[in-house]
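J.: Here are the chains, one letter per residue:
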Amino acid sequence: MKSYIGTAVFCVGLFGAVASAIIHGGPIARAAEQKSAAQSVSIDNFSFTPKEITVAAGTTITWVNRDDVPHTVVSPDKKFRSKALDTDDQFSFTFTDAGTYSYFCSVHPTMTGKIIVK
Amino acid sequence: MGNIIKENLNPDGIDRRGFLKCMAWAGTGTLCVMQGGVLKSFAFGPGSKIDQAAMKGDFAFAQISDSHIGFNKAANPDVTATLREAISKLNALPQSPEFVLHTGDLTQLSKAEEFDTLDQSLKSVRTDRVYYVPGEHDVLNDNGVQYRERYGKDTKGDGWYSFDHKGVHFVGLVNVLNLKAGGLGSLGNDQLEWLEDDVRHLKSSTPIVVFAHIPLWTIYPEWGWGTDDSQQALSYLKKFGSVSVLNGHIHQVMQKVEGNVTFHTAMSTAFPQPAPGQAASPGPMKVPDDKLRSVLGITDINFIRGKHTLAVVDSPLAGG
Numbered sequence: 001m002k003s004y005i006g007t008a009v010f011c012v013g014l015f016g017a018v019a020s021a022i023i024h025g026g027p028i029a030r031a032a033e034q035k036s037a038a039q040s041v042s043i044d045n046f047s048f049t050p051k052e053i054t055v056a057a058g059t060t061i062t063w064v065n066r067d068d069v070p071h072t073v074v075s076p077d078k079k080f081r082s083k084a085l086d087t088d089d090q091f092s093f094t095f096t097d098a099g100t101y102s103y104f105c106s107v108h109p110t111m112t113g114k115i116i117v118k
Numbered sequence: 001m002g003n004i005i006k007e008n009l010n011p012d013g014i015d016r017r018g019f020l021k022c023m024a025w026a027g028t029g030t031l032c033v034m035q036g037g038v039l040k041s042f043a044f045g046p047g048s049k050i051d052q053a054a055m056k057g058d059f060a061f062a063q064i065s066d067s068h069i070g071f072n073k074a075a076n077p078d079v080t081a082t083l084r085e086a087i088s089k090l091n092a093l094p095q096s097p098e099f100v101l102h103t104g105d106l107t108q109l110s111k112a113e114e115f116d117t118l119d120q121s122l123k124s125v126r127t128d129r130v131y132y133v134p135g136e137h138d139v140l141n142d143n144g145v146q147y148r149e150r151y152g153k154d155t156k157g158d159g160w161y162s163f164d165h166k167g168v169h170f171v172g173l174v175n176v177l178n179l180k181a182g183g184l185g186s187l188g189n190d191q192l193e194w195l196e197d198d199v200r201h202l203k204s205s206t207p208i209v210v211f212a213h214i215p216l217w218t219i220y221p222e223w224g225w226g227t228d229d230s231q232q233a234l235s236y237l238k239k240f241g242s243v244s245v246l247n248g249h250i251h252q253v254m255q256k257v258e259g260n261v262t263f264h265t266a267m268s269t270a271f272p273q274p275a276p277g278q279a280a281s282p283g284p285m286k287v288p289d290d291k292l293r294s295v296l297g298i299t300d301i302n303f304i305r306g307k308h309t310l311a312v313v314d315s316p317l318a319g320g
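These protein sequence lines are chains A and B, in that order.
Residue numbers are given in the working numbering: position 61 of the first sequence equals residue 61, and the series is strictly consecutive.
Residue numbers are given in the working numbering: position 229 of the second sequence equals residue 229, and the series is strictly consecutive.
Simulated from the structure, these hints should not be mistaken for laboratory data.
The reader is advised that the hints may include incorrect statements.
Part of the chain A face toward chain B, derived, beta carbon under 7 Å [what the hints assert, rightly or not]:
id	residue
1	68
2	70
3	76
4	100
5	104
6	106
7	107
8	108
9	112
Predicted model, so just to flag it, every value in this text is computed and none were measured.
Virtual Cβ for every residue (Gly too), placed ideally from N, Cα, C.
Take these sequences, add in the hints, and give me the full structure.
T.: What follows is the structure in structure tokens.
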């Protein structure tokens with residue numbers, strides 16, 4: 001009887017180790033991290049969509065203007081500032097530091113958005 | 001041919017109820033003229049003749065706005081053509097405008113070639129001079145450096161200034177720079193201080209005309225149609241018996257009378273925008289091709305000495 005218990009414990013331990021390897025270090029996990037390294041925000045109908053987005057540090061956000069009028073992406077804290085973006089123009093910024101970054105369109109200042117970097 | 005409005009309830013000579021009634025008719029093709037304390041209205045369009053002697057003023061000037069040279073999307077693929085039509089209309093006015101006010105958004109993207117095309121087009125206006133104030137589209141990327149190089153001679157700060165014409169004091173204000181997140185148009189403290197000083201010594205009987213791009217009254221804050229600190233500016237003008245405020249930015253005619261102040265916005269010569277709240281956003285509005293010229297236009301303004309208000313007529317490019 002002693003040997004059965006020993007084998008059962010060993011099997012459970014082995015299963016635990018394998019499961020842990022799958023969760024923390026396998027190929028599926030690496031693909032998920034790469035996917036979150038780039039995100040996009042659409043500028044549409046005088047709005048930033050999504051208006052608020054939470055991303056991991058190191059993510060590059062790309063804003064794309066889909067409106068018929070130019071817009072800008074400006075941080076009032078002077079962290080980033082795009083040139084005027086005409087229709088289909090893009091602006092990208094990589095957020096290396098954690099924090100909350102509010103921004104707005106300096107041409108149409110009622111348009112505001114927020115990037116939360118964790 | 002004119003309808004006389006008989007109610008004159010105020011001792012100061014301003015027939016407010018009549019004026020407001022007249023304003024309700026005004027829009028395209030109606031002229032409201034104060035003559036001898038009595039308000040007269042004249043409708044004009046293809047089927048009616050206007051009695052030019054009856055509506056003659058001391059001088060006439062015109063307002064055009066929002067030419068957006070460089071815009072080429074569905075709402076109007078050729079804004080230079082519609083600007084040229086607006087200029088033809090200016091040149092055909094019964095009383096030649098002594099000058100023209102352009103209330104901003106000269107260009108779409110503040111590009112040199114866009115400013116050039118505008119200047120080229122305006123050369124054919126039959127008038128002595130064109131005065132400008134910038135729109136937010138004219139100060140992209142450089143905070144207005146290029147705009148001021150071209151149109152900012154003799155202006156102060158970001159491009160504000162005043163001038164006198166036959167006893168009327170005109171003030172051009174800039175409310176499209178240093179805009180704050182979540183805010184509306186902004187005049188800023190430097191400009192407000194300058195304005196207070198500029199009008200301080202004027203007699204209260206001096207008629208005042210203020211022109212700026214973004215409306216100086218709150219029309220629809222959700223779309224940025226207003227100016228955060230305009231109340232302070234207007235407070236410096238309280239002593240004057242006649243104040244007219246001419247704006248652009250919203251690409252449609254809106255009017256309001258508040259005490260001694262008459263507010264008026266102009267149509268665009270490029271493309272219309274929706275009425276407040278009538279669309280998801282205030283962007284360029286596509287209308288059927290045969291309707292476009294009926295929602296673009298110019299504004300003709302007559303000053304009649306001794307009267308409290310300007311005679312303002314908005315004319316569409318077609319169908320008015």
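J.: Each of the hints needs a verdict: does it hold here or not?
T.: How the hints compare with the structure:
1. About 4 Å separates the beta-carbon of residue 68 (chain A) from the nearest beta-carbon of chain B, less than 7 Å, and the hint is met.
2. With a least beta-carbon distance of about 6 Å to chain B, the hint placing residue 70 (chain A) at the interface is held under the 7 Å criterion.
3. At a threshold of 7 Å, the smallest CB-CB gap from residue 76 (chain A) to chain B is about 5 Å, leaving the interface hint in force.
4. At its closest, the beta carbon of residue 100 (chain A) sits 13 Å from a beta carbon of chain B; the interface hint therefore is violated under the 7 Å criterion.
5. Given the 7 Å rule on beta carbons, the hint for residue 104 (chain A) holds: about 4 Å separates it from the nearest Cβ of chain B.
6. For the restraint placing residue 106 (chain A) at the interface with chain B, the shortest Cβ-Cβ distance is roughly 6 Å, inside the 7 Å limit, so the hint holds.
7. At a threshold of 7 Å, the smallest CB-CB gap from residue 107 (chain A) to chain B is about 5 Å, leaving the interface hint in force.
8. Residue-level restraint check for residue 108 (chain A) holds (minimum Cβ-Cβ distance to chain B is 6 Å; threshold 7 Å).
9. Given hint, residue 112 (chain A) at the interface with chain B, holds; its Cβ is 6 Å from that chain's nearest Cβ, closer than 7 Å.
Violation of the numbered hints given earlier is confined to hint 4; every other hint is satisfied by the structure.
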